[in-house]
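Q: Each chain, letter by letter, is given below.
2 protein chains.
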Amino acid sequence: MSDPADLRIVAVPGFPLVAAGSDLIADMLRCLAAAGLTLQSGDVVAFAQKVVSKAEGRSVDLATIAPTSKAVELAAVVQKDPRLVELVLRESRRVVRVAKDVLIVEHRLGFIMANAGIDQSNVSGSSDSALLLPEDPDSSARRLRDEIRARTGLSVAVLVTDSFGRPWRVGTTGVAIGAAGIASILDLRGTPDMFGRTLRVSVVGHADEIAAAASLVMGQGAERRPVVIVRGLAGSAAHSPAQALLRPSAEDLFR
Amino acid sequence: MSDPADLRIVAVPGFPLVAAGSDLIADMLRCLAAAGLTLQSGDVVAFAQKVVSKAEGRSVDLATIAPTSKAVELAAVVQKDPRLVELVLRESRRVVRVAKDVLIVEHRLGFIMANAGIDQSNVSGSSDSALLLPEDPDSSARRLRDEIRARTGLSVAVLVTDSFGRPWRVGTTGVAIGAAGIASILDLRGTPDMFGRTLRVSVVGHADEIAAAASLVMGQGAERRPVVIVRGLAGSAAHSPAQALLRPSAEDLFR
Numbered sequence: 001m002s003d004p005a006d007l008r009i010v011a012v013p014g015f016p017l018v019a020a021g022s023d024l025i026a027d028m029l030r031c032l033a034a035a036g037l038t039l040q041s042g043d044v045v046a047f048a049q050k051v052v053s054k055a056e057g058r059s060v061d062l063a064t065i066a067p068t069s070k071a072v073e074l075a076a077v078v079q080k081d082p083r084l085v086e087l088v089l090r091e092s093r094r095v096v097r098v099a100k101d102v103l104i105v106e107h108r109l110g111f112i113m114a115n116a117g118i119d120q121s122n123v124s125g126s127s128d129s130a131l132l133l134p135e136d137p138d139s140s141a142r143r144l145r146d147e148i149r150a151r152t153g154l155s156v157a158v159l160v161t162d163s164f165g166r167p168w169r170v171g172t173t174g175v176a177i178g179a180a181g182i183a184s185i186l187d188l189r190g191t192p193d194m195f196g197r198t199l200r201v202s203v204v205g206h207a208d209e210i211a212a213a214a215s216l217v218m219g220q221g222a223e224r225r226p227v228v229i230v231r232g233l234a235g236s237a238a239h240s241p242a243q244a245l246l247r248p249s250a251e252d253l254f255r
Numbered sequence: 001m002s003d004p005a006d007l008r009i010v011a012v013p014g015f016p017l018v019a020a021g022s023d024l025i026a027d028m029l030r031c032l033a034a035a036g037l038t039l040q041s042g043d044v045v046a047f048a049q050k051v052v053s054k055a056e057g058r059s060v061d062l063a064t065i066a067p068t069s070k071a072v073e074l075a076a077v078v079q080k081d082p083r084l085v086e087l088v089l090r091e092s093r094r095v096v097r098v099a100k101d102v103l104i105v106e107h108r109l110g111f112i113m114a115n116a117g118i119d120q121s122n123v124s125g126s127s128d129s130a131l132l133l134p135e136d137p138d139s140s141a142r143r144l145r146d147e148i149r150a151r152t153g154l155s156v157a158v159l160v161t162d163s164f165g166r167p168w169r170v171g172t173t174g175v176a177i178g179a180a181g182i183a184s185i186l187d188l189r190g191t192p193d194m195f196g197r198t199l200r201v202s203v204v205g206h207a208d209e210i211a212a213a214a215s216l217v218m219g220q221g222a223e224r225r226p227v228v229i230v231r232g233l234a235g236s237a238a239h240s241p242a243q244a245l246l247r248p249s250a251e252d253l254f255r
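Chains as they are written, first to last, in the numbering used here: chain A, 1 to 255; chain B, 1 to 255.
No wet-lab data here; the hints were simulated from the structure.
One or more of the hints may lead you astray.
[Said to hold, decoys possible] Stretch-level coverage of chain B by chain A, calculated; a stretch enters the list once three of its residues show a Cβ under 8 Å from a Cβ in chain A:
hint: 1; segment: 7–18
hint: 2; segment: 141–154
hint: 3; segment: 162–171
hint: 4; segment: 207–215
Every residue, glycine too, gets a C-beta built ideally from N, C-alpha and C.
Chain A with its partners taken away, still in its complex shape (with noise of 0.2 Å):
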């Protein structure tokens, strides 16, 4: 695989509202039409989390959740509606550390994040509604990807992203909670860097660094320009979904 020098992160412009049952894909493509934009093979395409749970229907009427007493406990600690923090235990399988203000789980997918994902904001006019993450993001990944390459031919990249906190640094970055047709980490072990010796530092998170990449271009709160293509990327014949990106519990020293 050889590096890319030269890359663009263009938004898709003009992306509409997205609602359950939205067809992302025809959205797209309509609105890079419009713009005289083309896709092309070989672009990564990222979608926000957002829009894709939102085409799934993942949003969930709050009045509709009746929360156990664990939640309402936990409700008091961060100071969160009891409700969402019903949801984000039914979206989890633990808990990591709980403060004021603060809810950090491991998600049943795996991804240690705060809140389970779960967004109140930018879901309706409401604030009664909650937005939780696509059911299994690599597969909504695949499945855009396939609707890409049986509309247009092009075989593109697909990734879902969202935006994490951190737990030594301020702030959020883009991370890839979703992936296909792309190699999520590129594992460099053993590769001879430019004097031969064997690099020491050498997997990196690539899906991540491209989420990143296109959060910049997003906007805040990744709805204003929920889909953004990357180009110029090198391809990789080995591809690894999202989920690749999860260290094991084994291996990690801070859970």
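Dock chain B against the given chain A, drawing on the hints supplied.
A: Relative to the frame of chain A, chain B by itself:
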């Protein structure tokens, strides 16, 4: 600040090997001119930590290092060269986690990172030298930015970038350890979202996202293309150094 919708990320072509005393700005301007490229005001110029450290003479001959007994003990656990471990300890405030092949410390500048950022690969043809982080990467970034302004009249932002591992995710991603002329974090708390509701998660690790994007074109080892230009980002009047990316230990649940 308006969001950008179209970014270009370009490696400075043909960057020469760097040694102590190298003039990184002269090298960069010469390479750009040779390729018919020009810098523009508003560009962000990302320098890989390795070339900044080398130019600043931060290479250490391990033969000159006498490890303390503490370093020898620790080296036996992590299975690294005791002289390297001694350097790591000298560069650190404290050890955070130790295991075979793992030595995570709090660097004297506050970064929680492996091996205090000390690198043995790509340093020279010898296996007996190690490269420390710059003495003060924010100061390095300011100096590089000032030099660009002095020689070209252009106002750019400068990042010094490195690659850090993450506790729960596999692989490294680019991060900013030094920054000048840019808001390292974007604090959007209180900004209304598309529906007028206040955004909940709204502090963005902006300089880290730029560093991750730059890392995509730097290539592994970050020496082949150690200087990368990011064009098209919206500027900000309020600047903050990379130190602003460090979570205060009082707010840290994982240290």
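Q: Next step is simple, just say for each hint if it's right about the structure.
A: Hints versus structure:
1. 7–18: It holds, with 6 qualifying residues against the three required.
2. 141–154: violated (count 0)
3. 162–171: Holds, because 8 residues of the segment 162–171 of chain B bring their Cβ atoms closer than 8 Å to Cβ atoms of chain A.
4. 207–215: It holds, with 6 qualifying residues against the three required.
Hint 2 from the earlier list is the only one contradicted by this structure; the remaining hints agree with it.
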